[in-house]
Structures are given as C-alpha cells and as structure tokens.
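Chains as they are written, first to last, in the numbering used here: chain A, 1 to 474; chain B, 1 to 474.
These are computed hints drawn from the structure, not numbers from a lab.
Any given hint could be a false lead.
Where chains are identical, the list cannot tell them apart; a pair therefore holds if satisfied intra-copy or between any two copies.
Stated by the list, open to error - Cross-link-like lysine-lysine pairs, in silico, DSSO-like; alpha carbons within 30 Å at most:
(1) K303 <-> K472
(2) K149 <-> K412
(3) K334 <-> K320
(4) K412 <-> K222
(5) K426 <-> K157
(6) K456 <-> K259
(7) K30 <-> K334
(8) K415 <-> K72
(9) K72 <-> K299
(10) K456 <-> K185
(11) K259 <-> K303
(12) K469 <-> K119
(13) K412 <-> K265
(14) K334 <-> K141
(15) K72 <-> K412
(16) K149 <-> K334
(17) K222 <-> K11
(18) K320 <-> K72
(19) K320 <-> K141
(20) K225 <-> K415
(21) K415 <-> K30
(22) K320 <-> K30
(23) K261 <-> K299
(24) K36 <-> K408
(25) K456 <-> K472
Treat the numbers as computed from the prediction; the structure is a model and nothing was measured.
Protein chains: 2
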Amino acid sequence: MHQPHLSAEEKQHSHDHLSLDLIEAQYQLKNSAGKKNAKSVLVLVSGIELAGKGESVKQLREWVDPRYLRVKADPPQLLTTNQTFWQPYSSFIPAEGQIVVLFGNWYSDLLTTAMHVSKPLDETLFDAYVNSMRAFEQDLKNNHVDVVKVWFDLSWKSLQKRLDHIDASERQWHKLHGLDWRSKKQYETLQKLRQRFTPDWVFIDGEDEALRDREFAECILKALKDVPDHVQQADAAWTQSVVPQALLQPSSEVLEKAKYKKKLKKLTRRVADALRYDQRNVIVVFEGMDAAGKGGSIKRIVKRLDPREYDIFTISAPEKYELRHPYLWRFWTKLQNCSDIRIFDRSWYGRVLVERVEAFASDIEWQRAYDEINRFEKDLTDSQTVIVKIWLSISKEEQEKRFEAREKTPHKRFKITEDDWRNRAKWDEYLNAAADMFEHTSTDCAPWTIIATDDKPTARIKMLKAILKQLKSK
Amino acid sequence: MHQPHLSAEEKQHSHDHLSLDLIEAQYQLKNSAGKKNAKSVLVLVSGIELAGKGESVKQLREWVDPRYLRVKADPPQLLTTNQTFWQPYSSFIPAEGQIVVLFGNWYSDLLTTAMHVSKPLDETLFDAYVNSMRAFEQDLKNNHVDVVKVWFDLSWKSLQKRLDHIDASERQWHKLHGLDWRSKKQYETLQKLRQRFTPDWVFIDGEDEALRDREFAECILKALKDVPDHVQQADAAWTQSVVPQALLQPSSEVLEKAKYKKKLKKLTRRVADALRYDQRNVIVVFEGMDAAGKGGSIKRIVKRLDPREYDIFTISAPEKYELRHPYLWRFWTKLQNCSDIRIFDRSWYGRVLVERVEAFASDIEWQRAYDEINRFEKDLTDSQTVIVKIWLSISKEEQEKRFEAREKTPHKRFKITEDDWRNRAKWDEYLNAAADMFEHTSTDCAPWTIIATDDKPTARIKMLKAILKQLKSK
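Same shape as in the complex, but just chain A (with noise of 0.2 Å):
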C-alpha cells in the first residue's frame, strides 16, 4: 500500500477524513448493540519489538472515540497446563459494540512460551496449539466477535538501529517479551516461529512510521466496516438422534433404607476424599428434567467438604449484558478466580436443552453448538479438568408426584415455579434435546452418564460411584 508524496497540508487533510470515516463507523458499530447483526471487533496486536505497534495504537486512539475502544496489555505468559490459552483473556473478549485491542493475547503467550521454555516447545505441540487458537477466533467470529489480528515487522538491520537510538523512559515497553533483541538467533528463531501462524495475518511493515500508522488504521476501519456475514443456512434435514431406553424408561430399581444409609456414608466420604486430593481441577455438571433431584446430589457431594473448597454455579436464563457476547462467555468467564472443584447445577447445555426448545436459540445456533462445546470441554481437559457429566433422568410419573408433594410442604413450595408445569408439558421435546445431546456431546474427554432417579437412594448411590469412576479413569 503506497501513497503518492503528499504536501503536509495534503496529508493533513487525508488523516482527518480517516478520522471522521473511523469515528463514523465506531459510532455504528456501538449503536449496533442489541440489534441484528450486531457485532464486535477483538484484535490481536502482535510483532517485532520497536515495530511501532504499540505507537499505531497510540495513532488510532487520536483518531478515534479514545472512549469506544478498550485497549488491554498485559505482559504476556507462559500457556501453563492447568488453564486453557483463552482463560487470561476470556473477561476482555468485547460485548456487542465495543471495539477491544489486546497487545498480551494468545499469540504472544504461544511465542514466549516457545522462545522461554528450557525445553521447547516442539514444533507438533505449536502447530495444536494454533490449530486450537484458530477453532476458537472461529467459534468467535460464528458469535458475531470479529478477530483481526495484525503482525507488525521489522527487518533485524531496522531494529538494531532502533535498539542504538531508544531513551530510557521509553525503554519500560520494549521489555514486553523478556526477550533479547540484540541476540540475532532470537530474532531469527521468533521470525520462523511466528510464520506457523501468520498466514491469516494482517502483516504491516514498522519501517515508515506514517504509512504503518495509516495502514494499521486503515486495516480497523474495514473490519469495523465489514458486515459480518453471519446468516448460515441450519441444516434442515437435521437427523433426531432416538431417545435412550433410559430416559424413555428410568430403571424403577430401589435400594433398601439400611444398606443405603451405610453405603451412603461410605461413599461421600470416598467421593469427598477423591475431589479434594485430585491434583486437577473438577467440574461436575447435572443436567436432567425438573425435580430430578440436582440439588440433593450436590448436598451428598459437598457433604464432607468444607465450603472453601468448592463453588456451586446455579445457572438460569443469562443476564441481558451476557447476551451480548457469545454463549459461552459466562462460563469461560466464571471459570477464573474459582475453587478447584466446580458443579453446575445446570449448565452451558442449556443452549441445546432449554434454548433449543424454547426456541431462545436459533436452528442454525444450537446446531452448531455441540462442535462448540465440545471444543471448549477439550480445551478444559487439555489443561488439567476432569469433566463429569450427569443426566438425572426421571420418569414422567414420578416427576408429577413431586411436583404435588412441593407444592403440599412448606419448605418446598419455594422450589417449584409455573416454569416446572410449562416445562413438563414439553416433555417430548425436551427428551428430543437430550437425545441429541448424548449423541454429539458424549466424547472420550468428557462423557455423558445418565442415572435414573425415580428411586433417590439408588440414584445418590449410582451418582457418587460415576464421579468416583471418572475421577480413577486418569
């Protein structure tokens, strides 16, 4: 991209019509928010030190609304096993709207991950890592997140003469990567590095400082401008998966009070001993139709922790500022700052449960859901996460009884709601959903158990040993 030599007043004139067509289009994209079509911008800043990235971003902040467009830089990391490349980002990932640059992103993690560790990253565990990097920027972009990410370059001759010229009160950001830019094996071993993945890079040459600027500014005004192409045709021969016996049919089997009460005991204790010396973290979901008994697992579960050592997440309909991002956000989100031992009473399956049946999501959402989820539930047990996911499945009798034994004691009429009753007449549906679900999401990191509950003791029984199983199975 190379512009004819401009007068200063000319040049002048060139930058304020950028200005005005980046304010233009910052503008709509924020009042897009809420509204279809909506989208928003994340990009990824990256490149040589002293390449200018971090003055392009000083440059288009001039030119825009500075207060519409977030910019974020931590010092990059190493990518550790027990969290996943995207958890340090996941609160920075920008809502419906809003424009967010990161200089410290997954990228810059990746390279100093390769470049500082003493035994290095070999070159099949890079190329993984980008090929998971690229399935979520997708998985992003599908939920209307458009990622830009930009490479800014320098030849080495460039950025030896700049190293000669830096002052110290400059000197502060050109240690971002820790990294030795007078070594010209580093340089080298970084430039062949960063090419596994720069192909579908924005690459902007540092060396003139205007026309890097510009370019880079340039570069924003078209993603912002860009109409995201989000309307893809759902699969209309959608195949139904066929219900499992078990949820057609719960097992009736019932347990003797005694035996149960010695088994019980035995069991939480195990369960409980299993959760708090496992070296990984834990997340156990429950999923299943209403009064199925999710939160008298999760009582049995807990019975012998002590409440530091465990968060529940009890997950209803999202909150309106959630809806603005992609689905997942809120459980990426939730993720960070928490115990090592998570249960979700309910859970990221509600986009093919609930959603679906509600019609909350569209076809082409929740159909492209299961990929998301399963992807996401790898990228967890990749990094150190045992996944147990149980279906409490009831029969339609038994759910009935319950709901009227709610409604006649005290202390638990607050637990049923007109919500049960509406549910419960979309009983078919919902075991469509769940059908579905098994069949797309039970995978080999993460499978399904489905325990029948209509006898609670046998199904308490059951539940504990599956964790226990699962938490064994290493």
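The hints should help you fit chain B onto chain A, whose structure is shown.
Below, chain B alone, put in the same frame as chain A:
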C-alpha cells in the same frame, strides 16, 4: 443460649426443624430479588483458630440449600496503603437475594496487619480503620445488604488441647492467619485487639460443638428473617443550594488560536508526564451538561499517553444486575484490575444528577448519597489515589448551537440522541442538582473544579491546568 439435654431422636427432630426453617427463609430471601424490600445477607466470620468457624459454616451449608449460600475464603492479606480495605472484597458483596459468607474479610486483614507488621499499627490508626469499616457496613445496610458479624471464640486452654489433637489432613486450614497459636502472648494480644471491634458482633463460644453450630445457624436464620427497615424519612425541608454564577453564566473568555496551539502542546506533554510519573493512582471525573466537551477533554488528556497506561470508563445507565447491588458497587468493582490512570466520562455522581432529576433514585437515596460518595472518595484518597473532579459548564445557547451542529455533521450525528434534547428541557433541574452536588461533595481531599466551555480552547487549557495543579498539591 442453653438447650436442655435432649435424646438423640429429639436432637435430630430439632435439627430437621431448624433446617426447614433455614431453607424456607433462604428461598424467601432468594425470591425477594428485584422486589420491594429485597435484601441480601453478608456474613463476616472471624475468630480464634480451631474455635470451629469452618465446621459451623460447613454444618450450616448442610442445613440450607447449599446452592444459594456462597462461601469465600481468601487468605488474609495485609492492609496496604494503596488500596482501600473493601477493594479486595467488593466483587463478593452479595446481590439481592444472595447470602455470602466471607472468612477472609476486612477485619481479618486488620488483625493480620496489626499482628504482623514489624511496626505494629498504633491504636489510633486501628480504631480509625474500625470506624471506616463500620461506616462502610452502614452504607451497605442502607443499600439493602445486611451485614452479620460473627466471632468464634475459644479459651486458651481449649485451644491448646485442640492443637494437641489435630491431624495432618486438617492442618491446612489452621494456618489461615499465619500465627503461632502456641504463643500465649500472641493469643492475648489478639484477644485484646479484637475487643476493639467486636462489641457489635455476635459472639459464639466454640467450646461445645453442637451448641456452637446451632447458635451460628440460628443467628443466620434470624438475619435471614429480619425484615430490613430501609424506609427512612427523606428530609422534607431539604435546602436547595444556590446555583453558582459560574453555571448560570459561564465565562465567555476567548483564546487566540495561535496561542492556544502552543499552550496546548506544552500542557498535554506536562499533563502526560505528571500522570505517568505520579506514584499514586489518579482518577479524573468529568461531569457536565451534554455537549459540554467531555469527549474532547479526554482526548487531550490522553494525547501523549500510551494506550496501555490508562483506562477510560464511559458511564451510562446501570445494567439490571448492577441494580441488585448497592449503587456504588459498580464503581467499587471497576476500580479493580485497571490501569493506574482512570478517566471517568460521567461517574458515581449520576446518583445525585440524572437519578435525582429523573427520580430513578428516591429522595432518601440521593440525599444519603452525598455522604456515601464522600466516604467512598475519602477511602480512595486515603489509599494513594488522587481524585480530580471537573464540571464542564456550558451556556444554554452554546449547547443548542452544538446540538444543531451535531445533527448536521455526518460523523457527529451519532453523538446526539433524543435523550439529549430531553435532558436539555430539564436544564434548571440539572443546575439545581449540580449546585447541591458542589455544596455537599466539594471536599478537601476531592474538590470540584468548574470550567466554562463556551470557548473550547480556553476550556481545554484550563482543564489541563486544573489537573496539573491538583497533582502537584500533594
């Protein structure tokens, strides 16, 4: 609170009864969310090690529905001079309908600080902290967060006996204060210190385990059932402050263009340096009528800063989930995890401006807000934060001109909405609200500066000078 001796069966029956009462009260609290007289309950738990606070909370969580009782236990931290005592906990303040138990809390931090520092806190400072904490809790209560404080006590003799008998697996929970519980001198110091704040605490003797758990649960039940007495009388005879001349007739001083450019260049540089090299956090608050030039002012402040050095917060109407918290909560939480330089385009003063004028806040609420805001700002300025508050004053005629210009200019059209015209119709009410705001919140630690903006160049120079002046008057 003594119980007669009961048979095992009678005990079980009595426990079941307590559990039912707790669950019923818990659901009532939960269902109160969003309704009149909704509230939340914050339980602060502290005490002597091994007195059983962990066990009592564990027992409580067995008696209640554990899904709706959140427990947080961060290790105590030293009170530092660069954050307020409430900052580490602000995100755990319960929303309406919720119960949160905080093991680590501001009092445990205070005790840790008093016991640990090489130079112990003197009594005056200790008591000043206690007073600020109580004032903060009173603000919470006024904003529908009931605060219950429970001290678990244990005699020196019993503590030593229990220390003899704990097993290794439990030991992890007994280092929470990092104190040597075998030292009698230390025990006595702690007891003496905590007496300076426990008079308004619920006191539980940890000697008898069963009694202890029950007493704690009953204290929580009482808190849950307590109907909060939030309805207080607003001041019927509220004295409206006189609107300052600077608002009625903003100065129309005009700055010559050449002079302005030169001055501006020098000042943006000086302000950037002053902001960057100030060791404290800096908050700049902009308030004022629409089109008074908040956006343009912010642009000039950040012009010479790197986008990674500052955060801009643009404040509009609160989200629904924010309304379930105390009014200032969204600002408490915003001040976590952000850059040292924070610029607010509108702020917490919305409570006494738009919320007062539009009657979103009741009379009692906005009248109370002045003190709440002053305490909030005092806590911040006591914690290494400078607060610069600027009111941009514009004449009614000039506003009209700018509105019309905005409507005619394509890239400014987005900046004007129907709300702006509606606010303009309430001009005098806003002036009255601003007058009261200056009167009640222009404090020594965070004074207001009024700047006339009919001539933008003059306004920008004055605004930058005002920031410099306040940063230099340490």
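Here's how the hints hold up against the structure:
1. For the homomeric pair K303 and K472, the shortest alpha-carbon distance inside one copy (20 Å) is at most 30 Å, but the shortest distance between copies (58 Å) is not.
2. Only between protomers do K149 and K412 lie at most 30 Å apart by alpha-carbon distance; the minimum there is 29 Å, versus 53 Å within a single protomer.
3. For a Cα distance limit of 30 Å, the shortest separation of K334 from K320 qualifies both inside one copy, at 16 Å, and across copies, at 19 Å.
4. In the homo-oligomer, the alpha carbons of K412 and K222 lie at most 30 Å apart only across protomers (20 Å), although the nearest pairing inside one protomer, at 57 Å, exceeds that limit.
5. In this assembly of identical chains, K426 and K157 lie within 30 Å of each other by CA distance neither inside one copy nor across copies; the values are 69 Å within and 63 Å between.
6. In the homo-oligomer, the alpha carbons of K456 and K259 lie at most 30 Å apart inside one protomer (13 Å), although the nearest pairing across protomers, at 83 Å, exceeds that limit.
7. Taking identical chains as interchangeable, the C-alpha atoms of K30 and K334 lie at most 30 Å apart whether they share a chain (26 Å) or sit on different chains (21 Å).
8. For the identical chains of this complex, K415 and K72 are inter-copy neighbours only, at 25 Å across copies versus 43 Å inside a copy, given an alpha-carbon limit of 30 Å.
9. Taking the shortest Cα distances, K72 and K299 sit within 30 Å of each other only across copies (18 Å), while inside one copy they are farther apart (41 Å).
10. In this assembly of identical chains, K456 and K185 lie within 30 Å of each other by CA distance neither inside one copy nor across copies; the values are 65 Å within and 53 Å between.
11. Proximity of K259 and K303 under a CA criterion of 30 Å is satisfied intra-copy only: 19 Å inside one chain copy versus 74 Å between copies.
12. In this homomeric assembly, K469 and K119 never come within 30 Å of each other (Cα to Cα): the closest approach is 34 Å inside a single copy and 53 Å across copies.
13. In this assembly of identical chains, the alpha carbons of K412 and K265 lie at most 30 Å apart only when taken from the same copy (25 Å versus 69 Å across copies).
14. In this homomeric assembly, K334 and K141 come within 30 Å of each other (Cα to Cα) both inside a single copy, at 21 Å, and across copies, at 27 Å.
15. For a Cα distance limit of 30 Å, the shortest separation of K72 from K412 across copies, 27 Å, qualifies, whereas the shortest one inside one copy, 47 Å, does not.
16. For a Cα distance limit of 30 Å, the shortest separation of K149 from K334 qualifies both inside one copy, at 26 Å, and across copies, at 28 Å.
17. When the C-alpha separation of K222 and K11 is checked against a cutoff of 30 Å, the pair qualifies only within one copy, where the shortest distance is 20 Å, while the shortest distance between copies is 72 Å.
18. Taking the closest pair of Cα atoms, K320 and K72 come within 30 Å of each other both inside a single copy (24 Å) and across two copies (26 Å).
19. Proximity of K320 to K141 under the C-alpha cut-off of 30 Å is found in both arrangements, the shortest distances being 20 Å within a copy and 27 Å between copies.
20. Taking the shortest alpha-carbon separations for K225 and K415, only the inter-copy value of 18 Å comes in at or below 30 Å, while the best intra-copy value is 48 Å.
21. Proximity of K415 to K30 under the C-alpha cut-off of 30 Å is restricted to the inter-copy arrangement: shortest distance 11 Å between copies versus 40 Å within a copy.
22. Taking the closest pair of Cα atoms, K320 and K30 come within 30 Å of each other both inside a single copy (16 Å) and across two copies (19 Å).
23. Taking the closest pair of Cα atoms, K261 and K299 come within 30 Å of each other only inside a single copy of the chain (15 Å); across copies the shortest separation is 69 Å, beyond that limit.
24. In the homo-oligomer, the alpha carbons of K36 and K408 lie at most 30 Å apart only across protomers (27 Å), although the nearest pairing inside one protomer, at 45 Å, exceeds that limit.
25. When the C-alpha separation of K456 and K472 is checked against a cutoff of 30 Å, the pair qualifies only within one copy, where the shortest distance is 24 Å, while the shortest distance between copies is 70 Å.
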